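**Q** Chain by chain, the residues run as shown.
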Amino acid sequence: MASVTSYNNDKVVTGEVEYPASDPASGAFFQPDYKKNEDLKLMLDGSKDSLKLEAMKRIIGMIAKGRDASDLFPAVVKNVVSKNIEVKKLVYVYLVRYAEEQQDLALLSISTFQRALKDPNQLIRASALRVLSSIRVTMIVPIVMLAIRDSASDMSPYVRKTAAHAIPKLYSLDPEQKEELVAIIDKLLSDKAPLVVGSAAMAFSEVCGDRVSLIHRSYRKLCSLLADVDEWGQLALLNVLTVYAKTCFPDPNEENYSSDDSADKPFYDSDSSGGGAGAGGRSGASPSVEPDLRLLLRAARPLLQSRNAGVVMAVAQLMYHCAPAQELPPVAKAMIRLLRAPIEVQSVVLNSIAALTVTRRSLFEPFLKSFFVRNSDPTHIKLLKLEILTNLATEASAPVVLREYQTYVSSSDKAFAGATIQAIGRLAVAIHTETETCLNGLLHLLSSKDEWVVCEAVVVVKRVVGGGASSARAAVSRAAKLLRSDRLAANARAAAVWLVAEHGAKHPRAAAVLAHMAANFADQDELVKLQLLSLAVKLSITQPDTVAMCRYVLSLARYDASYDVRDRARLLRRFVDPSHGSLLQQYAASIFCPDKPKPTIESSFKDRQQYTVGSLSQYIGIAAAGYRPLPAAPRAPLAADLREPDPQPAPTHDEHQKNKKFYSEPESDGSGSSSSASSSGSEDSSDDEESNQEDKKQEKPTETNNYRSSNSGTSDSETDSESDSSSDRQTDSASESDDEEKSTGKESKVEPSTQKPNEKSNLELLLELDEVASSLPTMTPTCGGFLSPPNATTQAIGDDDITPVGPSLVPTSTVELLSRVVCSGLGARRRWSRAPHLFSHKMCSLEIIFTNYNSTEVNNIRINKKVPVSITPPVGELVRAVTMTTARWDSEHRRLRGMTECDKKTVKLNDEAAICKRVFETVNVAAITTSGELLRFAGRMMSSQELVLVSVRQEDEASIVTANCGNMAIASLLANEVANALKS
Amino acid sequence: MIHSLFIINPSGDVFLEKHWRSVIPRSVCDYYLEAQRASPNDVPPVLAAPHHYLISIQRGGVALVAVSKQEVAPLFVIEFLHRVVDTFQDYFSDCTETIIKENYVVVYELLDEMLDNGFPLATESNILKELIKPPNILRTIANTVTGKSNVSSILPSGQLSNVPWRRSGVKYANNEAYFDVVEEVDAIIDKSGVTVSAEIQGYIDCCIKLSGMPDLTLTFVNPRLFDDVSFHPCVRFKRWESERILSFIPPDGNFRLMSYHIGSQSVVAIPIYVRHNLTLRSNGDQGRLDLTVGPKQTMGRTLENVALEICMPKCVLNCSLTANQGKYSYDPVSKVLLWDIGKIELPKLPNIRGSVSVAAGADTSGANPSINVHFTIPQLAVSGLRVSRLDMFGAKYKPFKGVKYITKAGKFHVRM
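Taken in sequence, the protein lines are chains C and W. Per our numbering, the very first residue in the first sequence carries number 67; after that it's consecutive. Per our numbering, the very first residue in the second sequence carries number 13; after that it's consecutive.
Worth double-checking, as some hints may not be accurate.
[Claimed, not checked] Examples of chain C residues toward chain W, derived with CB under 10 Å: (1) L261; (2) P390; (3) L394; (4) K435; (5) S442; (6) P444; (7) I447.
Because the hints were derived from the structure by calculation, they are not lab data. Treat the numbers as computed from the prediction; the structure is a model and nothing was measured. Note that CB positions come from ideal geometry on N, CA and C, so glycine has one too.
From just these sequences and the hints, can you work out the full model?
**A** What follows is the structure in structure tokens.
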């Protein structure tokens, strides 16, 4: 970057910059905004740090205010190399903000970060990774991937933490990297530093929250680290562990759980023991808690004392969903403590409590007084408290609660007063001993001077009385009195008339009410008129002497202005007028005065229980985007041995080879009938993986397999994304190899990941070119447009003398796909057959061999439980052998020089045949020249049809492997693999 | 996770925005502003917009609105936003619109350091202050002269150690440790003077300026009093559980060591009483108000900074009162009567009486205002809590130690 500074020195720009604004000619023409940016540009181009800093501060100010500063991008990005740390930081801020909009220019800065990634100062390494991964430019995905992988094994835990943070960023940029990222998350989760673990848990839940199998191994360690993680990490970790505990441990309440309302909990099967034991009637024996679950609960409990409300809530969530019911009181206590926190916290906590009190009333009963409402509370808090008070009220506490309600009713906050009246109504229905008191109170409210209160009260009374409470008569006479006084608003009056009609049909006062109302029928509201009509008809049935009055009302209604009223009158007339057949009159009583069921008034928080306690979804009452419900608890615990920490580290490649031999022995016995099933699965995990990652991938399925088999049937619903999908019936023919179709369409995404840090010669070389824009395209071979590499011309040259040939060598070694342990004696092995695929030339064939290790015969093999397997082709299998003339090879080779070439030094082998054999084993290429100084091989990528040229040059000390391919990532991968193959 | 943060001033302008992921247009704040316009003091902290979720807090006259695109624990966001405001207050001694605007560069650097991709990175004040020096005049001058900057280039060692809350290399000439035991009484007293509910919310705030790595233990005379406690992360929970001793390595400077709650189960002494009599419409448009305040169960201490705040019913137009002590003011717009009494010296009881004018024809029934009472009692912890001793290990010097007790009114309501 020295060139930039020298360039600036030439210009010698100092403080006395002439602002273009002073130029009247341009000033009249350009926007004032534009002029300002122009002067910022000059300041940034200058050599003085203080000026640059000033300019950057102003630019940050613009960003902060939301103004567009994107036109300054080139000027700002140059300063990414600034020595001044504050300027640098501000440039980073700018870069992250605008990189997405100026992708090409953003690439200029990448090499700086790459260099900084190797800085001895851990803070600089970390911040470089942080900024690099925050730049949302798809082109740099491979670079970020590489950086994350390196940093994940950095010495400094701080850098590893940053790597964990970078994982979700890369995932959101390119979800296809998932598999590789999951492997890194797996590694970070088993990190020993508490600093790292919290962030790893965060990354886990962002990227692959459903893969609980990753947690098994580090579960116990995570539990013990929980206390040492920082509070935000605790939050993330608790969420992860809650999901884990829910998935792996049976519900400790399952056996002897008795909720206040067990019918409301669909996922607690209450068939085992009668749920009707009643509240507090828990059996004395404490439910058995899995030792591993106990470990978690014990680790989480102290966190209830955290100062961070979020952590407390996360613990509450864990305890509520996973702990035995008798351990919950401390949780309630801690939640009560949060009520002293700021209003926003209160609101969320009260919301959760409101949902909890619907079923677990006893939990919060001792804290009834903490929910008393103060005048100074905001309305939504008042309403929440009211809801909780109503849920909590029992026969014992109802008098206290009602006394409070009395105060609330006269609150000046109308919404709150109204809600209180509703709450009194609910109380009246829920607590039978208090029905009388409540109703009296409500009726008392009917004579309140505040019209609004009266309206609300009538409506509630109407609801409470609904099915005929004993005090209906009192209600009716009160309502009748009110109606006579003519003080009610229209809808209240309608409700009062309804009340009289519904319950006072036999009441002597009712006729008087009707007479009074009929006197000024014309002045009544439409709603009231309709109610009056039904009152009149009902009375005519129960008190036959009022029929005349009923006719009068009906005839008044007949000439009403509203057609609704006229219609209703016409309808009802049939019941009163004797001239029209007696059939209607016969049934009039059962039509107008039936027995109605009592209405139930429920808490509006009832449906919020289905959401996880303390989640956003619970607060807003609907499932938020990205909300994952907790899984249902399994019936039986998962085998604890999954959680035993690994005795030895992951097996190396050599061990793996040995395993292979060991396992292939039984196959040669030929003991059972080996059959093959053709599984045309759509493989999700077609991300190509480097070979050394394969070991890990091999383990993981087995781990998951154990979990599946011990848990068969219960958790079929959640499937790992890598599971095969379907199978055909078993075929009789013994070992017929069918093809597994394998989409290689994505193969161009192969990362230059196999490169070890010190060997990324080409890629790095490329990224060092930072100021010459013309070299930019070379970085991005996979994207189209002007950025596409020159290899586009290779197609045009013509493929006439490049002909595909069969594989030079078909590897015979097979890899275990399914352990025979998993599928009760049936094993499967796989092999890359290198045969051309029937369906498409873009697919490669996979041979799967099923072997029966049992002594008995196996019939009718099918997939009824899903076992995740991972099949990732090594890059060498994505190539098809082609042949061409040596001259053509040379000309193609020249075309693919430069950045599409990758060299690798390896040990010298003298036997050319041996070299060829090893090359063939690794890559499916054809030999062009098999002797001499330079051994040439050629192939073609299956998906992109790009040429792949591999050559081995013998030198004095060593041999050099060169791979050329339009996709430079493939080239570097191939060179690596071939070099490794020659070494071994 | 938090995608973006907007800071909004009372007039509804977004004056600062920061995005940790892709840019979210500020128009998303309209949902918040709409809710705020509907009811200014009653905005739910979580709002659901069609594609985003807005989680907001209001402090110091500004609103911080965090935007998330997916499910996130609301308390996590709220807690973080409060931590942001705390940090601003720590850095700039206040958090208002003008101060944020003046320091937007530091604010931006802080926000960048505190959150990475929407997940908190460093929130401990001790660590942040090592990464980004708080601005002050002296440093600004020094930086201009020497060309140094406010931004550190090395990782604070605390970040990696087991005590991430404490910065390293602390050195003081005078080593001091001060503890303030503050108790707030929350109570609701009903019309007839009966205590409906009473709780004590206490906290221990520390100002600790000790060199090196001191290890402190604080013991109480009567630790059984606590109903429920929460601690700063520095407190060793194991020792609290087994011995009821606070053992900790303190952060440097001011921090809240613990807060506790003494709940409704235990009896709480109410140190003040208010005798009140409000009749609206005794004769014509005039009502009468008569208030007397007196101490009760104060254990011999005096009540100070006593003030009464009454939110009058809407029908009250004005008040003409005479107080035998202190000053009163009535705001006819917000209908708030404020009576600032000051210290209550015993035999004389403060009293205020006079007439209130009521709007003619207004409905006066059912109006029941409540009195918010404020007071402080120095040198008393109303729960009876006492610190027994403070011991220090791990350092050679003898520090100066001090404990101060104070009782305040929290949410103290008297219903009329």
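**Q** Taking the hints in turn, state whether each one holds.
**A** Now the hints, each set against the structure:
no.: 1; hint: L261; in the structure: holds (7 Å)
no.: 2; hint: P390; in the structure: violated (20 Å)
no.: 3; hint: L394; in the structure: violated (14 Å)
no.: 4; hint: K435; in the structure: holds (4 Å)
no.: 5; hint: S442; in the structure: holds (7 Å)
no.: 6; hint: P444; in the structure: holds (4 Å)
no.: 7; hint: I447; in the structure: holds (8 Å)
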